[in-house]
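Line by line, the protein sequences give chains A, B, C, D, E and F.
If you're matching positions, the first sequence starts at 1 in the numbering used here and goes up one per residue.
If you're matching positions, the second sequence starts at 67 in the numbering used here and goes up one per residue.
If you're matching positions, the third sequence starts at 133 in the numbering used here and goes up one per residue.
If you're matching positions, the fourth sequence starts at 199 in the numbering used here and goes up one per residue.
If you're matching positions, the fifth sequence starts at 265 in the numbering used here and goes up one per residue.
If you're matching positions, the sixth sequence starts at 331 in the numbering used here and goes up one per residue.
Derived by calculation from the structure, the hints in this document are not laboratory data.
Predicted model, so just to flag it, every value in this text is computed and none were measured.
Hints may be right or wrong, so weigh each one.
Below, computed lysine-lysine pairings styled on DSSO-like, alpha-carbon distance capped at 30 Å [to be verified]:
{"id": "1", "chain 1": "A", "residue 1": "K10", "chain 2": "B", "residue 2": "K131"}
{"id": "2", "chain 1": "F", "residue 1": "K340", "chain 2": "F", "residue 2": "K395"}
{"id": "3", "chain 1": "F", "residue 1": "K365", "chain 2": "B", "residue 2": "K104"}
{"id": "4", "chain 1": "F", "residue 1": "K365", "chain 2": "C", "residue 2": "K142"}
{"id": "5", "chain 1": "F", "residue 1": "K368", "chain 2": "B", "residue 2": "K101"}
There are 6 protein chains.
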Amino acid sequence: MPYVNIKITKEGATAEQKARLIQGVTQLLVDILGKNPKTTIVVIDEVDTDHWGIGGETVTSLRRKR
Amino acid sequence: MPYVNIKITKEGATAEQKARLIQGVTQLLVDILGKNPKTTIVVIDEVDTDHWGIGGETVTSLRRKR
Amino acid sequence: MPYVNIKITKEGATAEQKARLIQGVTQLLVDILGKNPKTTIVVIDEVDTDHWGIGGETVTSLRRKR
Amino acid sequence: MPYVNIKITKEGATAEQKARLIQGVTQLLVDILGKNPKTTIVVIDEVDTDHWGIGGETVTSLRRKR
Amino acid sequence: MPYVNIKITKEGATAEQKARLIQGVTQLLVDILGKNPKTTIVVIDEVDTDHWGIGGETVTSLRRKR
Amino acid sequence: MPYVNIKITKEGATAEQKARLIQGVTQLLVDILGKNPKTTIVVIDEVDTDHWGIGGETVTSLRRKR
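Could you build the full structure based on these sequences and the hints that come with them?
In structure tokens:
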């Protein structure tokens, strides 16, 4: 019955990587807490780099500096 | 003053259905808890089926099997 | 498969009222969008009035004025 | 280490305004709570006016009336 | 830089299990997406069974029936 | 109409500091985006250090090392 929300910046994760992430997180909840996978929901949000800030700066601005 | 967030998969809900959902949820908060509708916020997130997992699988993959 | 999160201030809602809210919101998702209730999750967060702000003020402070 | 999520309707906020918002909120957490900005994350969600309800109505419908 | 929120019902998960969950989810984000663990935040919410609904019923009510 | 959620670890923030945070964030939304403060909601979640992970470790464990 757990609900998991994963937020990452939108920087090219593939559908296959996201599917593996969903599968892996669900499995962890089964292995560690004995949760029922059938009602375990995992939602991934990909966030535009203009909308994600760290250290007071947008990721768009941080990527430009590198 | 309540805040409600509804997450559904992006599978064709119409603007009219979403408007009815917002209206219905707000009314429930008025009827059951006596909340003030004027400051009741309802936010709907429609999530891509690649980004929604249940049972360790993406909804994209589940829909393909049916 | 929807996931709903309802945030209200902690001001005396009873377990019975919360149960009715969960039941009502789930039913709306069935009626309006045809969702499967069995995998519909509703989570209620009751938030301390010191932790809820509206109009730039905490609800604790607003309640005191009334 | 704080995490901040800001939800606004999608009604024309510029990248520069969002960057100022991220910078301002991060600075508040430093100034008021002494938090470390380096691990402070701010995520902005811009929500379609069809998906945002207040007073039981979508913002799309409210804007039309004005 | 990812942010992960895990919501589970409050039914006896130990501090050690939660620590393993945080460690496991962080490692998945490193392994699958190459994310930097140093700025990866995982927040666990334990939710009262009165506040969690599935199938239109609270978990408190579901547990009683078993 | 914005909704802001601020998550911090539970490590002694006072009611007065939280009130200043609510006031400051609301003012930023007015100043930068011209939002209406009357319907701006700010919710603060204080999270137990056992439930907050960064770098794959709980904050409880990180604080012990210092």
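Mind checking the alpha carbons of K10(A) and K131(B) for me, to see if they're no more than 30 Å apart? 28 Å, holds
Within a Cα-Cα threshold of 30 Å, do K340(F) and K395(F) meet the stated pairing? It holds: about 18 Å lies between the C-alpha atoms, which stays within 30 Å.
Taking 30 Å as the top limit, are the C-alpha atoms of K368(F) and K101(B) close enough? 16 Å, holds
Taking 30 Å as the top limit, are the C-alpha atoms of K365(F) and K142(C) close enough? Distance of about 26 Å is within 30 Å: holds.
Holds or violated: K365(F) with K104(B), Cα cutoff 30 Å? 16 Å, holds
Hint compliance for this structure: every hint is met.
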